[in-house]
Every structure is written in structure tokens, then in C-alpha cells.
Amino acid sequence: MSHQELLVMDSVSKKYGGKDKALDGVSVSIEKGQFVSIIGSSGAGKSTMLRCVNRLIDPSEGSIKFDGKPLLSLKKRELRHARRRISMIFQHYNLVSRSTAIENVLQGRLGYKSSLAGVLGLYSEDEKMLAFETLHRLGMEDFAYRRCDQLSGGQKQRVGIARALVQEPLLMLADEPIASLDPKGSRIIMEHLRSVVDDLGIACLVNLHQVDYAIEFSDRILGLKNGKLVFDGTPNELDAKAIAYIYGTTYVKEQVNRNHYTHERVEVADVVGVAS
Amino acid sequence: MSFRNSIRRFTKGKTTKDNAQQASGIYREVETTDIASLSTATTIDRSFFRKRSLSVVILFVLFVTLNALAGGYVGFDIISSLMDIPSGLLWMASNFVPTIESFSKTERILTSLGSTVLIAISSSCIAAVFAFIFAVLGSRSVGIGGPVVIAVRGIASLFRNIPIVAWAFILLFSFKQSEFTGFFALFLTSFGYLTRCYLESIDEVSSGAVEALRATGAGYASIIVQAVIPMTITSVISWVLYMIETNIRDATLIGILTGTGIGFVFDLYYKGFRYDVAGLVLIAIVVAVIVCETISNYVRRQII
Chain Z
1 MSHQELLVMD SVSKKYGGKD KALDGVSVSI EKGQFVSIIG SSGAGKSTML RCVNRLIDPS
61 EGSIKFDGKP LLSLKKRELR HARRRISMIF QHYNLVSRST AIENVLQGRL GYKSSLAGVL
121 GLYSEDEKML AFETLHRLGM EDFAYRRCDQ LSGGQKQRVG IARALVQEPL LMLADEPIAS
181 LDPKGSRIIM EHLRSVVDDL GIACLVNLHQ VDYAIEFSDR ILGLKNGKLV FDGTPNELDA
241 KAIAYIYGTT YVKEQVNRNH YTHERVEVAD VVGVAS
Chain W
1 MSFRNSIRRF TKGKTTKDNA QQASGIYREV ETTDIASLST ATTIDRSFFR KRSLSVVILF
61 VLFVTLNALA GGYVGFDIIS SLMDIPSGLL WMASNFVPTI ESFSKTERIL TSLGSTVLIA
121 ISSSCIAAVF AFIFAVLGSR SVGIGGPVVI AVRGIASLFR NIPIVAWAFI LLFSFKQSEF
181 TGFFALFLTS FGYLTRCYLE SIDEVSSGAV EALRATGAGY ASIIVQAVIP MTITSVISWV
241 LYMIETNIRD ATLIGILTGT GIGFVFDLYY KGFRYDVAGL VLIAIVVAVI VCETISNYVR
301 RQII
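Chains as they are written, first to last, in this note's numbering: chain Z, 1 to 276; chain W, 1 to 304.
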């Protein structure tokens with residue numbers, strides 16, 4: 001793993017209409033092939049931070065460098081070119097639900113197309129191969145010709161990841177990718193994201209509500225509170241005290257509950273054993 | 001009250017049962033305090049529900065008084081109006097029923113009905129194309145922003161809120177009594193109405209997909225064609241079909257003013273005291289609208 005800085009945010013702030021800053025002087029640099037989670041309570045500025053990176057939201061102050069190039073001074077056309085190497089997945093998948101899975105995946109290539117080819121949806125054979133291989137990689141090859149509104153939440157998110165991957169990105173942004181999924185689907189998606197980082201060397205910047213998942217899957221965790229970066233460290237460094245500070249409340253680790261349940265189940269099994 | 005009592009009684013019953021089973025004293029104590037805290041937690045604020053029912057009663061009384069006042073002001077007598085209904089219906093039934101003789105005009109009726117339906121369809125479809133372009137430019141998620149948004153919304157509500165009859169009168173000055181006048185009046189109101197509908201559905205349905213494609217670096221034209229159109233096409237078609245239905249009805253009215261189509265034929269026979277033929281015209285219009293509705297319902301089911 002090369003320790004090269006891929007994304008450098010320098011005192012980035014974002015102010016919406018009101019007085020308060022949604023993002024307040026965030027400085028952070030992310031290396032190539034790093035899995036970084038951002039945690040923090042709702043409204044702490046996680047989504048704003050992510051969207052500032054690919055300028056879906058324009059920051060009010062600060063500077064952002066991606067792959068050595070400053071992002072904030074880019075003109076429309078240059079910005080589109082920069083966005084090709086920064087892909088994004090969303091909580092609500094944001095697929096074109098009336099199109100098939102493969103069509104949605106191919107739309108990840110639209111940034112590389114001329115207007116005419118993009119409008120007509122003319123993709124090269126190589127691009128189609130890439131799209132199918134990516135779907136296969138995510139275990140979705142059987143659903144390639146299925147319309148997206150017929151897929152389950154986890155499957156939709158996998159199509160979303162496939163669309164993000166065919167962009168051949170250096171950085172993948174994930175805005176609460178598992179917030180609408182059940183535990184099983186969540187785990188599958190997190191494992192896919194982890195493998196994206198490990199196998200393809202793509203850096204991932206992931207907004208998460210689930211602290212447990214953040215600890216389990218990340219190389220590094222960022223904590224946001226009221227728009228400020230209040231924690232930056234490894235999962236090991238994120239102790240109960242740090243979590244309590246980020247969320248402004250005491251945090252009970254889910255692990256405790258899990259032990260409790262297994263303990264109970266053992267007891268029941270014992271009773272059954274005695275009875276029979 | 002009785003609900004809370006029953007909980008208490010239930011608690012007591014349970015405790016005695018536990019006593020019989022010789023449960024430990026600590027356990028019993030824990031349970032009773034639990035339920036006691038539960039019954040205080042579910043104390044109901046009765047005044048809240050009283051206020052709710054009171055406001056419903058007040059609203060009803062207000063509604064009735066408003067009606068009585070308005071009726072009194074314009075001299076509307078509900079009893080005599082109700083009494084007039086049967087004789088009115090009888091008059092309609094005896095005069096507007098087509099006779100065998102009135103069927104000799106069928107050909108003329110059908111030709112003008114055909115032209116009216118065609119005008120309704122063409123005005124709706126052409127209005128839909130323009131409305132969609134305007135709605136895309138003026139929408140919040142894919143629009144070009146700034147003054148265009150305000151301009152589009154302003155134009156749309158101007159065209160929509162001027163009644164179609166007023167449009168017909170205004171256009172009569174420039175285009176005289178012709179089919180084009182009717183077409184143009186229908187076009188303008190449909191355009192205003194459809195722009196409004198499309199603005200809503202574009203922002204509602206496609207903003208997510210638009211955001212995603214923007215993040216991939218896709219160009220404006222690609223985003224419109226690849227995301228906005230596929231996401232909104234069903235509601236676009238659905239609204240056009242609805243517009244065609246209403247336009248067939250409105251075209252009849254416009255025809256009376258512009259002297260064209262089925263409206264003119266109805267006007268002609270009505271003013272010529274040929275109520276039987278006028279009745280036949282009405283039946284033809286109703287049938288045309290029902291047929292149109294059936295077809296559009298079928299199409300809607302197929303595309304969703």
C-alpha cells in the first residue's frame with residue numbers, strides 16, 4: 001500500500017443560509033487505498049463533508065486537493081473530468097429504477113462519454129464487458145437484465161456499487177450505504193466495500209451510523225460533531241470515552257447485549273437437555 | 001378510569017397467585033413497582049381529547065352557518081330548488097331524448113366529433129412536449145436555476161389560471177372563428193397545467209438519480225435523457241392522457257364560442273329548438289369521453 005495522499009481537505013467550511021456552519025474548518029488527508037469511516041450524530045455534517053469532496057455541494061471556504069489537483073477552482077468541464085475518478089453510492093441507492101441493472105451500471109461510464117454518445121447510450125464492447133464483470137464480482141450477474149425496481153434493497157445497493165466501480169475511481173464516497181438495509185444485507189455491502197479497498201486499492205470514505213461496523217471494517221475513523229472534526233484515529237483508539245464525546249451521550253457497546261443473548265440461549269439449551 | 005382499575009385488579013390477582021406459588025418477596029416487590037410505574041406513565045390527558053371533539057363541532061357549526069348566510073344573501077331557497085328537480089328532470093327526459101328522425105344527422109355529428117377529438121389530442125400532445133422542456137429547465141433538481149425557475153413557474157401559472165373561455169375570447173380577436181383558435185386556447189391552458197404537473201414529478205421522482213449521475217461526471221444532456229426521462233415517462237404519459245380527456249370536454253365548450261367542431265353542432269341544434277338532436281350530440285360526447293377514458297386507463301395499466 002503506497003502512502004500517497006489522495007485527498008487533502010484544508011480547513012473546509014460550509015455555511016447554508018443560517019448562522020451555523022454545517023461544516024467548520026475540517027482539515028483531513030486521506031491516503032490511497034484507505035478505508036475511512038465518518039461517524040457522528042445526525043446533522044453533524046457527515047453528508048455535507050462527503051458532498052463537498054465531489055462538489056455536489058460547493059464549500060464556502062477552504063481548499064480541497066484530489067490526486068494532486070485543486071478541486072474548488074475547476075470550471076464545469078474540468079469538474080466533470082475530476083468527478084470521473086470520484087464515485088459515490090447513496091443511502092437510497094439513487095438508481096434509475098425503471099431501467100435494468102446493467103443499464104444502471106453502464107451509466108457509471110457517462111462521465112467518459114461525449115454528449116451525443118451519452119444521450120444515445122452508446123457504450124463500447126469493452127465497457128459492456130467491464131460492466132458485466134463488475135456485476136459478476138458483486139454476485140449480481142443473474143440480475144443484470146432485471147429492472148431495478150424489482151430488486152431488494154441489498155441488491156440495489158450492489159448495483160449502486162457496480163455503477164461506482166465501472167467509473168474506475170480512485171476514491172469512492174459512500175453516504176450511509178447501509179442505513180436502509182437489514183443486518184444481513186448491511187454486512188454483505190460492508191464486506192464488498194472492504195474488498196473494493198483491499199483488492200482494487202480504491203480509497204473509501206464512508207458515512208456510517210453504525211459504530212460497530214465502523215470499528216470492524218475501517219482502517220481509520222473520523223468523528224464529526226457540530227461540523228467540527230473531533231476525532232481522527234484508528235478503530236482501536238476509538239474507545240467508549242471517544243464515542244461518548246462524539247455523540248454527546250454515553251454509548252453502550254452492542255457487544256455486551258450479544259453476550260447477554262448467547263448466555264441466555266445456553267441456559268435454555270441446558271433446560272431442554274435436562275427435560276429430555 | 002376503569003382501565004386503570006382493571007390493571008390494578010390484575011396486578012393484585014397476579015400477586016396473590018405468586019404468593020401461592022411461594023415466589024420470593026423481593027421478586028413480588030419488583031413486579032408491583034413495575035406495574036405501578038406503568039399505570040402512572042399512562043395517565044391520560046382527557047382535556048386533549050375534549051378539545052379535539054370540540055374543534056370538530058365548531059368547524060361543523062361554522063360550515064352550516066356559512067352556507068345559511070351565503071344562501072340567504074343570494075336568495076337561494078333549498079326547499080323549492082329541491083322540489084324543482086323532478087319536473088326539471090322530466091322536461092329533460094321528454095325533450096332531449098333522440099328520436100329516429102334525429103339519427104339522420106349522425107354523419108354530421110360524427111364528423112365534427114372526430115375533428116374535436118383530434119384537436120383535443122393534438123393540442124394536448126404538443127402542449128406536453130413544450131411543457132416537458134419548460135419543466136426540465138425550471139425544475140429545482142435539473143433546472144438551469146436563477147431567474148429561469150421563476151419565469152417558468154410564472155408563465156405556467158399565468159396560462160393555467162386564465163380560464164379557457166377567456167383565452168378563447170382573447171384569441172377570437174386575432175384568429176377569428178376557426179379551428180386554430182380552439183386549438184390554441186386548449187394548447188395554452190394544457191401547457192400551463194402540464195408544466196406545473198411535470199415540475200412536480202421531475203423534482204419528486206428523479207432527483208436521486210440525477211444526483212448520482214451528476215456525481216459520475218455525466219453531462220447535462222446525458223442526465224436528462226438517461227435519468228430524468230426514464231424516471232418521469234410514466235407520469236408524463238399519464239398526465240397527457242388525463243389532459244386529452246379534459247380537453248375533449250373543454251373543446252366542446254370552445255367549439256360553441258369559435259363556431260367549430262361538435263360544440264358548434266350542439267349550439268346550432270340547441271338554438272334551433274331541435275333538442276332531440278342536441279341530446280344525441282350530448283350522448284355522442286359522453287360516449288367519446290368514456291371510450292377515451294377506457295383507452296387511457298388501459299394504457300396507464302400497461303406502462304406502470
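A portion of the hints provided could be inaccurate.
Claimed, not checked - Simulated crosslink set (DMTMM-like; lysine to aspartate or glutamate; CA at most 20 Å straight-line): (1) Z:Lys128 to Z:Glu141; (2) Z:Lys225 to Z:Asp212; (3) Z:Lys75 to W:Glu101; (4) Z:Lys32 to Z:Asp20; (5) Z:Lys69 to Z:Asp10; (6) Z:Lys76 to W:Glu293.
Stated by the list, open to error - Taking CB as the label site, the calculated pair distances span: (7) W:Lys176 to Z:Asp58: 51 to 57 Å; (8) Z:Ala179 to W:Ser81: 58 to 64 Å; (9) Z:Ala179 to W:Ser157: 21 to 27 Å.
In case anyone wonders, no lab produced these hints; they're calculated from the structure. Every residue gets a Cβ at the ideal spot worked out from N, C-alpha and C, and that includes glycine.
Against the structure, the hints come out as follows:
Distance check on the hinted pair: Z:Lys128 and Z:Glu141 sit about 13 Å apart at the alpha-carbon level, within 20 Å; holds. For the hint pairing Z:Lys225 with Z:Asp212, the CA-to-CA distance comes to about 18 Å; that is within 20 Å, so the pair holds. Of the pairs offered as hints, the one joining Z:Lys75 and W:Glu101 is violated, with about 76 Å between alpha carbons and a cut-off of 20 Å exceeded. About 32 Å separates the Cα atoms of Z:Lys32 and Z:Asp20, which puts this hinted pair outside 20 Å; it is violated.
Of the pairs offered as hints, the one joining Z:Lys69 and Z:Asp10 holds, with about 13 Å between alpha carbons and a cut-off of 20 Å not exceeded. Under the criterion of a C-alpha separation no larger than 20 Å, the hint pairing Z:Lys76 with W:Glu293 is inconsistent with the structure, at around 47 Å. With their beta carbons about 54 Å apart, W:Lys176 and Z:Asp58 fall inside the hinted range of 51 to 57 Å. Under the hint 58 to 64 Å, the C-beta atoms of Z:Ala179 and W:Ser81, about 59 Å apart, fit the expected range.
Taken as a hint, the range 21 to 27 Å is violated for the pair Z:Ala179 and W:Ser157, whose Cβ atoms sit roughly 38 Å apart.
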